[in-house]
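Chains as they are written, first to last, in this note's numbering: chain A, 1 to 326; chain B, 327 to 703.
None of these hints come from the bench; they were simulated from the model. Check the hints yourself; a few may be wrong.
To be verified - Partner residues aside, some chain B positions facing chain A, computed with beta carbon under 10 Å:
| id | residue |
| --- | --- |
| 1 | Thr387 |
| 2 | Thr404 |
| 3 | Gly513 |
| 4 | Gly522 |
| 5 | Thr546 |
| 6 | Val548 |
| 7 | Trp550 |
| 8 | Asp553 |
| 9 | Gly555 |
| 10 | Gln557 |
| 11 | Asn625 |
| 12 | Ser627 |
What the hints assert, rightly or not - Ranges of calculated distance between the beta carbons of each label pair, as one might list FRET restraints:
| id | chain 1 | residue 1 | chain 2 | residue 2 | range |
| --- | --- | --- | --- | --- | --- |
| 13 | B | Thr394 | A | Leu45 | 49 to 57 Å |
| 14 | B | Pro508 | A | Leu167 | 22 to 30 Å |
| 15 | B | Gln474 | A | Ile133 | 27 to 35 Å |
| 16 | A | Ser152 | B | Thr404 | 25 to 33 Å |
Using N, Cα and C, we set each Cβ at its ideal position, and we do this for glycine too.
Listed below are the residues making up each chain.
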Amino acid sequence: MKCNDANTISPGRMRSWRFSGYSRYSDRIFSNLTLVFALVIVGILLGLVVVLTIDAMPAIRRFGLAFLSSSTWDPVREAFGALPAIYGTLLSSAIGLIIAVPISLGAAIFLVELAPSWLKGPASLVIEMLAAIPSVIIGLWGLFVLVPFVRSPIESWLGSKLGFLPLFQGPPFGVGFLAAGIILAIMVIPIITAVSRDAMRAVPNEQREAMFALGATRWETIRQAVLPYCRSGLVGAIILGLGRALGETMAVTMVIGNSYALTASLFSPGATIASKIASEFSEASGGVFIGSLVELALILFAVTLLVNVAARLLVWRMTSVKAAKE
Amino acid sequence: MYKSIPKWSIPLAVMLLLALVLTACSTPAPAPAPTPTPTPKPTPPVPTPSQPVNLNGAGATFPAPLYTKWFDEYFKLTGAKINYQAIGSGGGITQITEGTVDFGASDGIMTAEQLAKSEAARGPILHIPMTSGAVAVVYNLAGVSTGQLKLTSDVLADIYLKKIAKWNDPRIAALNPDVKLPDTAIGVVHRSDGSGTTYIFTNYLSKVSDEWKTKVGNATSVNWPGDIGGQGNAGVAGQVQQIPGAIGYVELAYAVQNKLPWAQLKNAAGKFIEPSLAATTKAAEGVTLPDDMKVMITNSSNPDAYPISGFTWILAYVNQTDKAKGETLVKMLWWAVHDGQKYVTPLDYAPLSSAAVTKAENEILSIKYQGQPLLSR
Numbered sequence: 001m002k003c004n005d006a007n008t009i010s011p012g013r014m015r016s017w018r019f020s021g022y023s024r025y026s027d028r029i030f031s032n033l034t035l036v037f038a039l040v041i042v043g044i045l046l047g048l049v050v051v052l053t054i055d056a057m058p059a060i061r062r063f064g065l066a067f068l069s070s071s072t073w074d075p076v077r078e079a080f081g082a083l084p085a086i087y088g089t090l091l092s093s094a095i096g097l098i099i100a101v102p103i104s105l106g107a108a109i110f111l112v113e114l115a116p117s118w119l120k121g122p123a124s125l126v127i128e129m130l131a132a133i134p135s136v137i138i139g140l141w142g143l144f145v146l147v148p149f150v151r152s153p154i155e156s157w158l159g160s161k162l163g164f165l166p167l168f169q170g171p172p173f174g175v176g177f178l179a180a181g182i183i184l185a186i187m188v189i190p191i192i193t194a195v196s197r198d199a200m201r202a203v204p205n206e207q208r209e210a211m212f213a214l215g216a217t218r219w220e221t222i223r224q225a226v227l228p229y230c231r232s233g234l235v236g237a238i239i240l241g242l243g244r245a246l247g248e249t250m251a252v253t254m255v256i257g258n259s260y261a262l263t264a265s266l267f268s269p270g271a272t273i274a275s276k277i278a279s280e281f282s283e284a285s286g287g288v289f290i291g292s293l294v295e296l297a298l299i300l301f302a303v304t305l306l307v308n309v310a311a312r313l314l315v316w317r318m319t320s321v322k323a324a325k326e
Numbered sequence: 327m328y329k330s331i332p333k334w335s336i337p338l339a340v341m342l343l344l345a346l347v348l349t350a351c352s353t354p355a356p357a358p359a360p361t362p363t364p365t366p367k368p369t370p371p372v373p374t375p376s377q378p379v380n381l382n383g384a385g386a387t388f389p390a391p392l393y394t395k396w397f398d399e400y401f402k403l404t405g406a407k408i409n410y411q412a413i414g415s416g417g418g419i420t421q422i423t424e425g426t427v428d429f430g431a432s433d434g435i436m437t438a439e440q441l442a443k444s445e446a447a448r449g450p451i452l453h454i455p456m457t458s459g460a461v462a463v464v465y466n467l468a469g470v471s472t473g474q475l476k477l478t479s480d481v482l483a484d485i486y487l488k489k490i491a492k493w494n495d496p497r498i499a500a501l502n503p504d505v506k507l508p509d510t511a512i513g514v515v516h517r518s519d520g521s522g523t524t525y526i527f528t529n530y531l532s533k534v535s536d537e538w539k540t541k542v543g544n545a546t547s548v549n550w551p552g553d554i555g556g557q558g559n560a561g562v563a564g565q566v567q568q569i570p571g572a573i574g575y576v577e578l579a580y581a582v583q584n585k586l587p588w589a590q591l592k593n594a595a596g597k598f599i600e601p602s603l604a605a606t607t608k609a610a611e612g613v614t615l616p617d618d619m620k621v622m623i624t625n626s627s628n629p630d631a632y633p634i635s636g637f638t639w640i641l642a643y644v645n646q647t648d649k650a651k652g653e654t655l656v657k658m659l660w661w662a663v664h665d666g667q668k669y670v671t672p673l674d675y676a677p678l679s680s681a682a683v684t685k686a687e688n689e690i691l692s693i694k695y696q697g698q699p700l701l702s703r
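This is chain A alone, in the form it adopts within the complex (with noise of 0.2 Å):
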């Protein structure tokens, strides 16, 4: 009965009721709430940095800046150093941009523009089940089968092959840089193209109908009607996948090898902030040597910072260089 009664309520009893002072609350207590959950948010972050400078406080004091230059990790004198840390960082995570980026933007490509539909639907799956495999796994699989295949045919030849390049000298172990920004590029691939994927859809249809119009072919379309219009998208995917490698700590820490080196050699068995936070925090004792991994964690969150208003900066400069020529 009830329900007659609603479903007959006059257009003009509806608008009433809609515009009346319950929308007008209703619209008040969900914009404060919503500011409440962002300020939650800004008040973590901001609680993030103040609890990690305060723990970190005896490593600032006893280094000061020379942390970030030093290459030495000695916790039975007390002396540490970020340097092979934050190398390690940077080195493992570029390697893994440098393999996973054009892949990424291949099969993204692929996916949206070539691929017949039946097609899609599968392929996408694939790759968004592979971005849900947690990190520990990729990390035990990278030591047993990776590592293995990293160390001999891909290490043994590339040092046979190109040995004279002090990127490639050193024994083959296997575990290294190498091994983790291959494991690193396994792990940003579903992440980058299933983001670049979502921007490239975004490029609507007559971009691409005007340029076949024009008798433009699909390499042709896709080079200049579909890549520049979601350019700034296509950056945000690699930004993404570039914070997950950087921050990456599980998977790292299995196959990197766990050595406090400053090598050029990408055979060298190394060491990044995370991985390093993560091996030593749970024995770590003394003021200084927390306060140390603690402070290489404020590295990593600026490190992370940084590249991401890099990235912004980038972004902001080719959106307005694109602007200018328009």
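Fit chain B to the supplied structure of chain A, relying on the hints for placement.
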């Protein structure tokens, strides 16, 4: 468009949800109300002093399988629930210092700094030995089976200092005339995480090599000259098994259970000894143990001792602040160093020597509540 979702449905849904939440919230309230009336005697649980209470402990991962077994058996015997969190020796020391656990556990001796901190907070702290363990040196050499490789302390130290880089180095060859050693690089593997195993291993190397002592030192985590770090015993073993020509160190129990090939080490008396539980127990025999048991028994002078052995300790305060908890703790510790020792060997730990048990007894008897000993013979 508007018709498709009737407008009344949203407030209705909200009300339904609210009603659901309210009933969900209110259900527990009326439920316990009728229960007191039917139960005739609502006796409040008065904890009698003799009744065992629950204890919390945290610390070393190395003895965790044994402690889990012990506390399970002890619960069956007495009903005392003891919860142990294997968070690592460093974490155990931190927690006992902060008083968040009733006992800590560590594979290493607390540093002077740590002792000062915890004694300032809660008075003297005891290192009570529970069992001992050994660290096996494991390797990956094709055709060289377990126990075939012989190493001396100085050669082992120089391998870890990266001064001996190849397996066919004359110094290794001189010790192993019958073994065919390859011309491959030695991949030196260490623990990347801080660990008691590393503490015992670097303690041994510091005792036998002055260069190690001055350059690297003795701690749960050190500045390794060597090549590769592995996470945990499994990580080290995994790297050693994968990399041809690798050498590493793992707990004896881990090496036994995973059948890793280990090296014989020359002990202080000049005898080559394979790592074993018996040789580990021997390390604490024939040496003078101090009353506080804060002693590393690496490089033991006993001729049958395996040189890289060490105790693992439970850390407890002399002055207990809770009588019931203190009583449960001392009874459990007493049981652990006596009857509990029968569970030690099956789990590949080395039982305490009788001298060590006597020292442990004296330590347990010294635990007090308000100046009164909690246990007497």
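Verification of the supplied hints:
1. Thr387: Thr387 (chain B) check passes; min Cβ-Cβ to chain A is 9 Å, inside 10 Å.
2. Thr404: Because about 31 Å separates Thr404 (chain B) from the closest Cβ in chain A, which is outside the 10 Å limit, the hint is violated.
3. Gly513: With a minimum Cβ separation of about 6 Å from chain A (threshold 10 Å), the hint on Gly513 (chain B) holds.
4. Gly522: holds, 8 Å
5. Thr546: OK, holds: Thr546 (chain B) within 10 Å of chain A, min 5 Å.
6. Val548: holds, 6 Å
7. Trp550: holds, 7 Å
8. Asp553: Constraint on Asp553 (chain B) satisfied, holds at 6 Å.
9. Gly555: holds, 3 Å
10. Gln557: This hint holds: Gln557 (chain B) lies near chain A, its Cβ roughly 6 Å from the closest one there, short of 10 Å.
11. Asn625: violated, 19 Å
12. Ser627: violated, 26 Å
13. B:Thr394 x A:Leu45: 49 to 57 Å: Given about 39 Å between the Cβ atoms, the range is violated.
14. B:Pro508 x A:Leu167: 22 to 30 Å: holds, 27 Å
15. B:Gln474 x A:Ile133: 27 to 35 Å: violated, 41 Å
16. A:Ser152 x B:Thr404: 25 to 33 Å: violated, 57 Å
Taken one by one, the earlier hints fail for this structure at numbers 2, 11, 12, 13, 15 and 16, listed in ascending order.
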